[in-house]
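There are 2 protein chains.
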Amino acid sequence: MKKDIQVLAFDVFGTVVDWYGSVRQEIESMSLNVDSDKFTLGWRDGYAPAMKRVSSGELGWTLLDDLHRIILEDLLKQFNISGLSERQISHLNKIWHRLNPWPDSVEGLTRLKSKYIICTLSNGNLGLLSNMAKRAGLPWDCILCAEVFRKYKPDPDTYLGVAKVFDVSPENVMLVASHQIDLKSARQCGLHTAFIERPMEFGPNRLNDVSPNSANTFHAKSFVDLADQLNCPD
Amino acid sequence: MKKDIQVLAFDVFGTVVDWYGSVRQEIESMSLNVDSDKFTLGWRDGYAPAMKRVSSGELGWTLLDDLHRIILEDLLKQFNISGLSERQISHLNKIWHRLNPWPDSVEGLTRLKSKYIICTLSNGNLGLLSNMAKRAGLPWDCILCAEVFRKYKPDPDTYLGVAKVFDVSPENVMLVASHQIDLKSARQCGLHTAFIERPMEFGPNRLNDVSPNSANTFHAKSFVDLADQLNCPD
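Residue numbers (our numbering), protein chains in the order written: chain D, 1357 to 1590; chain G, 1357 to 1590.
Think of the hints as simulated: they come from the structure by calculation, not from any bench.
All figures in this text were calculated on a predicted structure; none of them were measured in a lab.
One thing to keep in mind: the hints can contain errors.
Said to hold, decoys possible - With a straight-line Cα cutoff of 27 angstroms, these simulated DSSO-like cross-link-like pairs (lysine-lysine) come out: (1) Lys1450/G x Lys1358/D; (2) Lys1471/D x Lys1520/D; (3) Lys1540/G x Lys1408/G; (4) Lys1450/D x Lys1507/D; (5) Lys1469/D x Lys1471/G; (6) Lys1471/G x Lys1450/D.
Could you put together the complete structure from these sequences and hints?
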């Protein structure tokens, strides 16, 4: 029952923040003389395979900051970028801490927070997500993520972990995300799901499918739209 | 160096919230016909021994909510309280989610947040601390606690864990607490420490020692006083 929802858990990369636009803009500002679109997408494309290396046991438990660094070092070679100092590479790697929210994110989250517990459920690490929230003004009640559960999504322990933390049933939790695969995994654990349209998540050259799936409890164009549908006060 | 402090990690029970006053008031409102001062202190007195059972390995990893419940069941027998339903006992146990902040807490934290990352470092669990923060308006950047590190303070992994999460050195972190023993353990891990005077933590019948210890980096009468000493804007 929709009315039993008490906790909203948010996917972050792509759903709350515009990683593509933020990373691409910062790469461009660095004058590295690379195709910033390809570099940005290449970094993100390394994400799922890197996490799979952890989930499969090939790598021991590794935080996303460290996975980002492994992917970045490959990319720097691939794009023939040399001459960056350790300090510059380390700062560049933390670009993922400096992502900008979508225009509706702060307003929508603030409204949703008035009626629900709002938390992250991201594969990012605690430091990354805290720094991001502080910089972007994201008003989380709690930051939950792979680092807390020591499992990456889509491991069921992550979705069920949110319910456990708040001592509620899975059906009292709704995952909010812009990726059908994440939402499907959450549904298999008994959570409600809300799909958010983020057609530009991967930039202008790789449009994101935003077609509705009736298996989701809600389908919204933005967090503000979701707040409207959930009757959260302005 | 004091100027290197980037992260303030706060003890919570007694330091941020008035557990004694909050628990006692709610116990009185329940008309249980018990000495509310003794009941409240008895519950809290069970806290350290219960955590020791976990740290010693006698109990497996157990969240504070569950330790509070074990202590509560003993107390109910001890005070000859019967006739409460499971639902009432469960609600009573979550009294620790409903603690009120000291009068200076929200104002002080808000000012400190403008200059530092502010997080909890509590033996409470994530759900407890999130519910408390939401209800009391505590503006944490991140909630860190025993549940995240799977160790209870004063285990060094908890103090050092804060530095790890934010990818900084221990001397970039300051523990803020009203208990010298907690601060001493933090100092042994290389953290800065700030003592906050909470003379009434244990109520009017068991005054809390608030005498200064020069080993602390700061000694403050309140969070607002600490914000003043750290030159945080109003």
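Okay, the hints, checked on the actual structure:
In summary, the hint linking Lys1450/G to Lys1358/D is supported, as the alpha carbons are separated by about 25 angstroms, within the 27 angstroms threshold. At roughly 20 angstroms between alpha-carbon atoms, Lys1471/D and Lys1520/D fall within 27 angstroms of each other, so this suggested pair holds. Distance check on the hinted pair: Lys1540/G and Lys1408/G sit about 18 angstroms apart at the alpha-carbon level, within 27 angstroms; holds. Taking the CA atoms of Lys1450/D and Lys1507/D, the gap is near 21 angstroms; set against the 27 angstroms cutoff, the hint holds.
Note on Lys1469/D and Lys1471/G: the hinted pairing holds, with a Cα-Cα distance of about 24 angstroms set against a maximum of 27 angstroms. For the given pair, Lys1471/G sits about 20 angstroms from Lys1450/D by alpha-carbon distance, which is consistent with the 27 angstroms threshold.
Checked against the numbered hints above, the structure violates none of them.
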